[in-house]
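Colleague: Letter by letter, the chains look like this.
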Amino acid sequence: MKSGKIVTYLLLILGSVIMLFPFIWMVSTSLKPPMDIFTLNIIPENLTFDNFIRVFEESLFLKWFLNSILVALITTISVLFFDTLVGYIIAKFSFVGRSILFILILSTLMVPTEMLIIPWYMMSSDLGWTDSYWGILFPGLMTGFGVFLMKQYMEQIPDDLLNAARIDGMNEFSIFFKIAVPQVWPAMSALGIFTFLSNWNAFLWPLIVIESPELRTLPVGLSFFSSGEAESQWHLIMTGATISVIPLIIVFIFLQRHIIKGITLTGMK
Amino acid sequence: MTNKTSTSNKQTKEQKVSLFQKIRGNHKHQQYLFVYICLLLPIIFFLGIRILPTLFTFNVGFRDWNLLSSGPHPFVGLENYVALIKDEVFIKSVVNTIVYIVFGVFGQLLFGIIVALLLHKINRFVGFFRVIYFIPYVTSIVAISWVFQWILMGNGVINDLLINLGLPPQPFLNSPDQAIYVIIGAMIWQAIGFQMVLFLAGLENIPQMLYEAADIDGATPWQKFWHVTVPLLNPTIVFSAVIGTINFIQVSFTQVMNMSVDGSGGPLNSTITVVVYIYQLAFRQFDLGLASAATVLLFLFILALTLFQMKVLTRKFDY
Amino acid sequence: MLKKWHLALFSVLLIALLAACGDDESSDNNSDSDGDITIKYWQYEFASKVNLMDELIEEFEEANPGIKVEQTTFPYDNYNEQVAAQVPAGKGPDVINLFYGWVPSYVDAGYLQPLPQEDFPHDQIEDEFFPLVEATKMDGEYWTIPTAVRTAALFYNKDLFEEAGLDPNSPPETWDELADYAVQLTKKNGDRIEQSGLAWEPAQQGHHWLRDGLTLQAGGQVLSDDRKNVLWGDSDAGLEAFEYWLSFPTDLGTSEQGFYTDDVTAFVTEKAAMNIDGSFRIGTLQNDAPDLNYAVAPMPGKDQKSTNASFWTNGITKDVEGEKLEASVKFLNFLTSEDVMERWLDATGELPAKEAVAMQDKYVADEIYGAFINSLPFANAHFFVDETKERDLVIDAANKVLLEGMDKEEAFNELVEKTQALYDDYWSDK
Chain H
1 MKSGKIVTYL
11 LLILGSVIML
21 FPFIWMVSTS
31 LKPPMDIFTL
41 NIIPENLTFD
51 NFIRVFEESL
61 FLKWFLNSIL
71 VALITTISVL
81 FFDTLVGYII
91 AKFSFVGRSI
101 LFILILSTLM
111 VPTEMLIIPW
121 YMMSSDLGWT
131 DSYWGILFPG
141 LMTGFGVFLM
151 KQYMEQIPDD
161 LLNAARIDGM
171 NEFSIFFKIA
181 VPQVWPAMSA
191 LGIFTFLSNW
201 NAFLWPLIVI
211 ESPELRTLPV
221 GLSFFSSGEA
231 ESQWHLIMTG
241 ATISVIPLII
251 VFIFLQRHII
261 KGITLTGMK
Chain X
1 MTNKTSTSNK
11 QTKEQKVSLF
21 QKIRGNHKHQ
31 QYLFVYICLL
41 LPIIFFLGIR
51 ILPTLFTFNV
61 GFRDWNLLSS
71 GPHPFVGLEN
81 YVALIKDEVF
91 IKSVVNTIVY
101 IVFGVFGQLL
111 FGIIVALLLH
121 KINRFVGFFR
131 VIYFIPYVTS
141 IVAISWVFQW
151 ILMGNGVIND
161 LLINLGLPPQ
171 PFLNSPDQAI
181 YVIIGAMIWQ
191 AIGFQMVLFL
201 AGLENIPQML
211 YEAADIDGAT
221 PWQKFWHVTV
231 PLLNPTIVFS
241 AVIGTINFIQ
251 VSFTQVMNMS
261 VDGSGGPLNS
271 TITVVVYIYQ
281 LAFRQFDLGL
291 ASAATVLLFL
301 FILALTLFQM
311 KVLTRKFDY
Chain P
1 MLKKWHLALF
11 SVLLIALLAA
21 CGDDESSDNN
31 SDSDGDITIK
41 YWQYEFASKV
51 NLMDELIEEF
61 EEANPGIKVE
71 QTTFPYDNYN
81 EQVAAQVPAG
91 KGPDVINLFY
101 GWVPSYVDAG
111 YLQPLPQEDF
121 PHDQIEDEFF
131 PLVEATKMDG
141 EYWTIPTAVR
151 TAALFYNKDL
161 FEEAGLDPNS
171 PPETWDELAD
181 YAVQLTKKNG
191 DRIEQSGLAW
201 EPAQQGHHWL
211 RDGLTLQAGG
221 QVLSDDRKNV
231 LWGDSDAGLE
241 AFEYWLSFPT
251 DLGTSEQGFY
261 TDDVTAFVTE
271 KAAMNIDGSF
281 RIGTLQNDAP
291 DLNYAVAPMP
301 GKDQKSTNAS
311 FWTNGITKDV
321 EGEKLEASVK
331 FLNFLTSEDV
341 MERWLDATGE
351 LPAKEAVAMQ
361 DKYVADEIYG
371 AFINSLPFAN
381 AHFFVDETKE
391 RDLVIDAANK
401 VLLEGMDKEE
411 AFNELVEKTQ
421 ALYDDYWSDK
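Chains as they are written, first to last, in this note's numbering: chain H, 1 to 269; chain X, 1 to 319; chain P, 1 to 430.
Treat the hints as calculated values from the structure; they're not laboratory data. A couple of the hints might just be wrong.
Looking from chain X toward chain P, a few residues come up when the C-beta cut is under 7 angstroms (computed) [to be verified]: (1) 151; (2) 153; (3) 174; (4) 261; (5) 262; (6) 268.
Each pair of labels, with its calculated beta carbon distance range [unchecked claim]: (7) H:63 x X:219: 53 to 63 angstroms; (8) P:250 x H:214: 44 to 54 angstroms; (9) H:20 x X:310: 49 to 59 angstroms; (10) P:162 x H:48: 26 to 36 angstroms; (11) X:77 x P:225: 50 to 60 angstroms; (12) H:173 x X:307: 28 to 38 angstroms; (13) P:64 x H:47: 43 to 53 angstroms; (14) P:295 x X:160: 43 to 53 angstroms; (15) X:160 x P:333: 38 to 48 angstroms; (16) H:48 x X:161: 50 to 60 angstroms.
Listed next, the in silico DSS-like pairs over lysine-lysine satisfying Cα-Cα at most 30 angstroms (straight line) [as the list claims (entries may be wrong)]: (17) H:178 x X:86; (18) X:86 x P:318; (19) P:302 x X:92.
Please read these numbers as outputs of a predicted model, since none were measured by experiment. For each residue, glycine too, the CB sits at the ideal point set by N, CA and C.
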């Protein structure tokens with residue numbers, strides 16, 4: 001038993017090394033002057049914070065950072081609200097067109113978003129949404145993924161629980177908020193972090209829809225450091241990437257217990 | 001589906017109970033109202049933002065549409081589809097996509113389960129390890145792709161290691177035979193954290209008493225794994241496989257664009273995927289017609305695959 | 001819990017509301033309320049160009065009251081995407097800066113309008129500009145006009161020359177010398193290259209070097225004068241150039257694709273001793289590698305002198321008309337003025353596109369730019385029907401030899417054949 005534990009820990013530590021090595025390299029590169037990026041030391045020989053200073057001084061990095069937080073936060077809240085609601089309705093109500101609706105929503109997962117950019121742009125242009133925050137975030141306000149995920153969870157809530165509440169005279173909105181949501185609250189925190197992350201990293205659409213430098217999101221802004229003909233400024237890209245990972249790690253550290261308790265697709269019966 | 005029938009069964013039973021009938025009538029009304037009010041915005045959203053643009057794409061697939069030209073875009077029937085089927089690169093991209101899915105999804109499920117099982121066995125530093133294994137998932141793909149190139153290049157650390165072990169150095173990303181597996185490896189590396197979270201949650205929910213019962217029956221750890229853990233993890237596995245596949249097809253785009261030696265699925269198209277090719281057709285060659293036709297084919301492919309996965313994976317472990 | 005959700009609901013509604021308000025604000029109209037004409041200018045993101053352009057726009061606006069110029073930039077890698085996404089929506093720039101190799105696709109799609117002949121007379125262009133600007137003359141019209149051009153030359157690391165016992169003041173001048181120097185500058189450990197004599201990347205400047213440099217130097221020709229036939233394989237020179245080009249990663253063993261990720265990175269970090277690169281690299285080297293002790297020499301030649309030239313060039317999009325067209329023409333005239341060309345060189349390292357400006361003594365004798373300027377009279381800019389695809393064909397040909405062991409001649413013939421197919425396709429609907 002004891003030795004089994006030790007083996008487990010050893011395996012986990014070995015895995016951690018593999019998982020962390022590229023990441024540590026990224027962080028280490030951000031602390032090196034450009035000439036030194038190929039030196040093999042994990043701890044930089046000529047340690048410098050120049051890259052960090054340059055990232056902030058030569059670009060609107062802080063603004064981009066805040067834009068990314070704003071966009072990711074708003075889309076996450078919206079996705080959590082709507083996807084949970086739609087998932088709940090599809091799972092717990094029978095109404096005309098239910099399965100068609102679900103299949104349609106699921107099918108939206110099967111078209112690469114790269115191909116939706118042209119019609120989205122046409123639409124945004126007609127409606128005057130280009131080059132605005134709303135333009136960046138409207139395609140992400142609801143996701144097929146979230147509806148699918150939440151439907152799976154909502155199905156596991158016993159019907160009796162909901163019916164009992166109905167007999168008690170609760171209205172449907174209260175039943176959703178007070179009975180259903182608390183049951184799947186952990187799953188929602190998982191959906192929350194996944195959504196936040198995918199919007200935090202979103203690149204192509206924000207790039208296309210934004211023209212003003214001050215509206216760029218972080219990945220879009222960072223892409224301006226690697227510009228084909230001008231040499232890619234890898235030291236600056238690594239720096240930007242290092243900074244941009246910090247909030248995500250912090251969020252995960254705080255939410256991990258919730259998340260792991262949350263993503264349970266079995267049980268409850 | 002089974003859920004639906006059980007709900008209606010329940011409802012027919014309830015209908016017999018006369019006491020409930022009046023209240024139910026009221027409720028029925030309120031429920032319909034609730035359903036349609038709540039679905040109003042989502043239906044508008046999914047129709048307007050997702051379905052209509054998709055139909056637009058499907059329509060463009062039947063046209064000769066140069067993206068830089070403002071029209072007219074003549075209808076050409078199935079010409080784009082015929083051109084695609086004759087196109088070696090497209091066929092290559094389909095084959096590659098299947099390789100990516102088979103190895104990539106299997107790999108991330110396997111390692112996800114392994115890490116989750118290991119983490120489930122220990123009780124100290126669990127949170128610490130979780131964070132470590134989750135870090136790759138939140139790291140910028142663009143930045144980390146360059147780090148991988150660096151690690152794997154001819155003079156990189158991995159080749160240093162191979163030489164020190166007395167093995168020949170490998171070309172990795174420069175080789176048309178190896179590059180695709182290297183990229184799959186990087187994708188698995190990045191996705192383990194995501195799968196780990198899903199599986200940890202699944203494991204947490206398996207009642208301890210099932211294992212105790214198995215112990216009493218004298219089951220070996222291996223038997224316990226196959227007869228208790230795997231069946232009870234089945235819903236997680238199905239979900240992970242479906243979502244992993246869909247994600248893989250979409251996410252592979254960024255990885256391939258950033259890790260392949262020429263930034264577009266090389267060398268010699270050995271790492272190109274359907275999505276990367278669609279992107280190139282539309283935005284590098286400005287042939288939106290061909291790109292849209294390829295999108296339709298991809299759509300049908302994923303649809304078939306999803307249905308297949310849901311069927312096979314749920315049946316296999318039925319208990 | 002309930003409160004949380006009300007909060008969420010409320011914020012979603014608030015956003016919808018904000019968006020609705022946003023509509024009214026951003027309903028864009030092209031002419032400002034005070035009767036100013038606004039022209040939209042797009043170029044790719046290249047810090048020194050963008051900053052200079054901001055200055056230039058300010059001066060232009062001052063000199064031309066009533067005209068406003070809005071500059072927008074996008075990263076090079078996504079520049080075409082950005083243009084393409086806006087076409088179906090009927091949006092986009094009025095004046096656009098394009099890589100010359102892209103212009104044929106843009107012209108073909110009807111994206112640009114020809115430069116008005118009364119403002120840009122052909123004989124004047126042909127008189128004043130270097131002949132390579134003809135690469136964007138199609139169907140008897142000039143579609144674009146550049147401020148500046150760039151040539152490729154040989155960058156070499158002086159310190160590494162000295163270390164290898166070579167004279168840093170006499171760089172290689174011929175094919176043989178280049179090969180010889182590359183061998184001497186290469187450091188190997190067994191089969192592994194630890195220092196590359198010459199960085200070699202077909203995907204970067206390598207394919208240009210092959211086409212406009214080596215092939216012409218050997219006395220060959222890539223394309224017929226009417227741009228319809230690929231003559232690359234007609235004489236022995238084409239194959240000779242191809243074989244010489246490939247000898248660096250094969251027979252000579254001085255080079256490797258993907259060596260320290262890419263040629264520029266390898267050169268900056270002193271892992272590669274020489275590199276064929278464009279004048280535009282100088283700014284980057286000064287910024288990122290101030291301590292690098294390097295020099296630039298004209299590209300080594302053989303029977304003929306030749307080097308690759310390329311340029312970013314300005315065109316007017318097709319729907320621009322009336323006052324806006326007049327303003328755009330004024331702006332283009334300003335951008336191609338001699339004063340702007342000189343400042344462009346100082347700020348960005350790109351060379352004046354007009355011969356009289358470029359060949360001034362102060363530039364010809366310049367320590368760094370001299371090599372590039374002196375290469376201009378024999379520089380060539382290949383006419384691309386599809387820059388991306390032609391580049392990919394060269395990369396594929398190289399990879400077939402390097403990775404699949406295909407015979408060089410066979411790979412070369414395939415390259416010629418496939419390139420010809422691209423041209424046939426291009427001309428088929430003309």
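Colleague: Decide, hint by hint, whether the structure agrees.
Modeller: Structure-based check of all given hints:
1. Restraint check, residue 151 (chain X) versus chain P: the minimum CB separation of about 11 angstroms is more than 7 angstroms; hint violated.
2. A least Cβ separation of about 6 angstroms between residue 153 (chain X) and chain P falls short of the 7 angstroms threshold, and the interface hint therefore holds.
3. Evaluation of the residue 174 (chain X) hint against chain P yields a held restraint, the C-beta minimum of about 5 angstroms falling below 7 angstroms.
4. Because the beta carbon of residue 261 (chain X) sits about 6 angstroms from the nearest beta carbon in chain P, less than 7 angstroms, this interface hint is met.
5. Interface hint at residue 262 (chain X): satisfied, since its Cβ lies 5 angstroms from the closest Cβ of chain P, which is below the 7 angstroms cut-off.
6. Interface restraint check: residue 268 (chain X) against chain P, minimum CB-CB distance 5 angstroms, threshold 7 angstroms, status holds.
7. For residue 63 (chain H) and residue 219 (chain X), the Cβ-Cβ distance of about 59 angstroms falls inside the hinted range of 53 to 63 angstroms, so the restraint holds.
8. Hint check: residue 250 (chain P) to residue 214 (chain H), Cβ distance near 51 angstroms, so the stated range 44 to 54 angstroms holds.
9. Distance hint for residue 20 (chain H) and residue 310 (chain X): a CB-CB separation of about 36 angstroms, inconsistent with the stated range 49 to 59 angstroms.
10. The hinted range of 26 to 36 angstroms is satisfied by residue 162 (chain P) and residue 48 (chain H), whose Cβ atoms lie roughly 28 angstroms apart.
11. About 39 angstroms separates the C-beta atoms of residue 77 (chain X) and residue 225 (chain P), a value inconsistent with the hinted range of 50 to 60 angstroms.
12. Checked against the hint of 28 to 38 angstroms, the C-beta distance between residue 173 (chain H) and residue 307 (chain X) comes to roughly 35 angstroms, which is consistent with it.
13. For the pair residue 64 (chain P) and residue 47 (chain H), the beta carbons lie near 51 angstroms from each other, so the given range of 43 to 53 angstroms is met.
14. The supplied range of 43 to 53 angstroms is broken by residue 295 (chain P) and residue 160 (chain X), whose beta-carbon atoms lie about 32 angstroms from each other.
15. The supplied range of 38 to 48 angstroms is broken by residue 160 (chain X) and residue 333 (chain P), whose beta-carbon atoms lie about 58 angstroms from each other.
16. Between residue 48 (chain H) and residue 161 (chain X), the C-beta spacing of about 28 angstroms breaks the proposed range 50 to 60 angstroms.
17. For the given pair, residue 178 (chain H) sits about 57 angstroms from residue 86 (chain X) by alpha-carbon distance, which is inconsistent with the 30 angstroms threshold.
18. Simply put, residue 86 (chain X) and residue 318 (chain P) have alpha-carbon atoms about 35 angstroms apart, too far for the 30 angstroms limit, and the pair is violated.
19. Of the pairs offered as hints, the one joining residue 302 (chain P) and residue 92 (chain X) is violated, with about 41 angstroms between alpha carbons and a cut-off of 30 angstroms exceeded.
Comparing the model with each earlier hint shows violations of hints 1, 9, 11, 14, 15, 16, 17, 18, 19; every other hint is respected.
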